[in-house]
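J.: Chain residues, written in single-letter form:
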Amino acid sequence: MASVQLANVTKEYVSGTAAVSRLTLDVADGELVVLVGPSGCGKSTALRMIAGLESITEGDLFIGGERMNDVASHERDIAMVFQSYALYPHLTVGENMGFSLRVGRVPKRERAERVRAVARTLGLDELIDRKPRELSGGQRQRVAMGRAIIREPQVFLMDEPLSNLDAKLRSEMRAEISDLQARLGVTTIFVTHDQVEAMTMGHRVAVLREGELQQVAAPYELYRHPANLFVASFIGNPSMSILRFAVEAEHRRLAAGPARLDIPEPVLARRPGLLGTAEALVGLRPEHLRLAGDAESGNALDGVVRGVEALGSDTFVRVECAGSAESASDAAAGGESPTPGGPMVTVRAPGSASARPGQHCRVAVDLDEAHFFDPAGDPIR
Amino acid sequence: MKRQIRALVAVVASALFLFPLYLVIANALKADEEIVNQPAKPPLPPTLAGLSAVVEGGEVTAGLRNSVLITGSTIALIMVVASMLAFALHVSNSRLGNALNAVILFGLILPTPVILIPVFRVLKFLSLQNSFPGLVLFLCAYYAPFAVLVYRGFLRSVPKDLIEAALMDGASYRFIYWAVVLPLLRPATASVLVITGVWVWNDFLNPLVLLGPLQGNTVTVGLYRSVGQFSINFGELFAYMLVASAPVLGFYLVLQRHFVRGLIAGATK
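Sequences listed follow chains L and U, in order.
So for the first sequence, our numbering puts the first residue at 1; every next one is plus one.
So for the second sequence, our numbering puts the first residue at 1; every next one is plus one.
Quick caveat, the hints were computed from the structure, so don't treat them as lab data.
Please note that the accuracy of each hint is not assured.
[What the hints assert, rightly or not] Now the in silico label distances, taken between C-beta atoms and shown as ranges:
(1) 164/L <-> 253/U: 37 to 45 Å
(2) 183/U <-> 38/L: 58 to 66 Å
(3) 182/L <-> 178/U: 32 to 40 Å
(4) 168/L <-> 97/U: 39 to 47 Å
[As the list claims (entries may be wrong)] Pairs of lysine to aspartate or glutamate, EDC-like flavour, derived with a Cα cap of 20 Å:
(5) 131/L <-> 161/U
(6) 108/L <-> 125/L
(7) 160/U <-> 125/L
(8) 160/U <-> 54/L
[As the list claims (entries may be wrong)] Residues from chain L that keep clear of chain U, each with C-beta distances beyond 10 Å, as calculated:
(9) 74
(10) 272
(11) 367
In this text, a Cβ means the ideal position worked out from N, Cα and C, and glycines have one as well.
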């Protein structure tokens with residue numbers, strides 16, 4: 001297997017649009033790295049540059065320590081699973097999987113044996129003579145995997161391979177791909193816009209936005225310590241609620257409209273810069289907010305329940321907070337207009353919670369776990 | 001009500017198209033004087049006199065042989081050349097490719113009579129005048145732009161991923177053309193074969209001028225030459241028409257299913 005290094009890799013089109021800007025990323029031998037980001041962030045372009053399907057405008061690409069910028073894609077010893085699976089509709093499952101071996105003039109007998117072996121591994125041995133149109137989505141996905149595996153490449157590239165599957169199958173295939181990758185130990189770069197896929201599959205996750213790498217870290221690290229406001233709001237489902245507060249340094253508290261939140265000492269000790277700023281964007285994960293009783297003291301926001309999503313194990317309650325504090329979530333996610341009405345927060349409550357839309361409530365805030373960003377979106381330290 | 005009107009329109013339109021065919025079939029099975037007096041009357045009782053005279057005369061058989069040879073060679077050549085060219089233009093995506101595409105499409109708007117004399121001169125220069133290869137090469141060049149247009153339209157519906165996946169597997173463009181693209185182009189090929197096949201089969205002017213009388217007639221030229229200066233045997237004329245159009249009708253019916261698919265492909269994603 002091989003490592004993959006991207007050093008200041010840039011893709012700029014003739015029109016001057018930069019799809020990827022100075023991307024630097026090291027993928028270790030045998031590692032599974034997920035490139036994640038919203039549509040148009042350049043993740044697929046980055047993958048296609050590694051595959052050799054797009055030229056690199058600037059920077060260097062190394063696979064197994066060798067510079068690959070000008071090497072033809074089939075000489076890079078990589079295999080790619082496409083979002084559409086790219087199965088040849090006129091060929092059978094076996095012929096699809098053995099296509100690269102046919103191109104490589106591998107003797108027919110050896111080809112058949114290798115196809116059978118890979119089909120067995122993927123549970124496709126019964127389907128080997130079927131055409132792609134006779135397969136389910138999951139089976140097609142497996143054939144696409146088989147076609148990549150049979151080449152025994154140094155690197156797997158996967159471009160949103162699960163996006164055409166339904167939710168249940170997607171979850172099954174996530175586990176299957178992770179398991180297969182672990183068994184084969186092949187260096188894998190996986191592209192997705194689904195952050196659940198990114199968090200559950202990646203050894204490390206690289207977050208991209210508008211062609212620029214925002215952060216690369218292990219999933220939990222990314223969740224706990226986002227490098228900036230974009231990563232904070234992109235990672236996590238439901239996403240982090242972000243509220244804009246004025247910092248009242250003399251009172252050591254945050255203020256927005258009638259809401260006042262005292263900043264705990266440990267938070268100030270960890271982020272001394274907080275008192276030096278006039279305004280802060282406070283990121284609150286649903287699990288760090290709680291529906292509180294009216295009589296309860298401590299940091300809390302008053303609000304009105306606007307939506308309830310009961311998932312069985314948990315209930316997510318959307319609360320519109322009272323006061324003039326502005327929600328910054330939309331700006332953080334790259335949206336153009338803020339949410340109408342007051343700032344919204346999402347609270348994770350127990351599955352048995354009985355909140356109803358329109359009901360007044362108090363939301364207890366655990367500022368110890370909150371994330372603080374300056375108005376530019378950089379973390380306050 | 002709307003459905004009934006639609007059905008009525010369909011019946012009228014079908015009748016308009018089928019009536020000439022009925023006239024040919026009915027009159028091919030009637031005697032000469034009956035055709036002149038009552039051309040639309042059904043052939044009751046039918047007679048095979050006209051058909052036997054035409055077949056026994058040998059003219060139509062020779063014409064059929066020539067037409068099959070010219071049409072078969074032309075459409076086979078068009079299929080290979082146009083599909084390869086369309087694939088090359090599809091993957092090249094360069095300025096030169098786009099310019100070439102525009103030049104090829106320009107060929108669609110040129111009427112044959114305008115270029116017939118220069119073409120004759122070119123063929124004469126190549127010593128291909130009054131020969132089957134000369135006529136086939138010209139017809140191929142003349143109808144290929146249309147075929148390229150059909151193939152390019154269809155290629156737009158072939159996912160780019162298929163070609164890229166094959167490239168990553170180490171396949172050359174030639175291998176991709178034969179092993180991946182050409183099998184997928186089957187519906188477009190059926191359309192090209194049917195449409196250009198009918199055009200070439202029905203072509204009258206080009207064989208008349210470029211082939212000349214010495215090489216024998218195609219069915220269309222033979223039909224024209226079977227009309228006498230002072231008298232016309234309508235029974236034999238209609239029989240000739242029937243024999244001349246039967247192969248095209250059969251060809252169309254065999255490829256009909258693919259033909260329709262080829263025409264609508266590319267219309268949706």
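J.: For every hint, state whether the structure bears it out.
T.: Taking the hints in turn, this is what the structure says about them:
no., hint, in the structure
1, 164/L <-> 253/U: 37 to 45 Å, "holds, 38 Å"
2, 183/U <-> 38/L: 58 to 66 Å, "violated, 38 Å"
3, 182/L <-> 178/U: 32 to 40 Å, "holds, 39 Å"
4, 168/L <-> 97/U: 39 to 47 Å, "holds, 45 Å"
5, 131/L <-> 161/U, "holds, 18 Å"
6, 108/L <-> 125/L, "holds, 18 Å"
7, 160/U <-> 125/L, "violated, 28 Å"
8, 160/U <-> 54/L, "holds, 13 Å"
9, 74, "violated, 4 Å"
10, 272, "holds, 52 Å"
11, 367, "holds, 49 Å"
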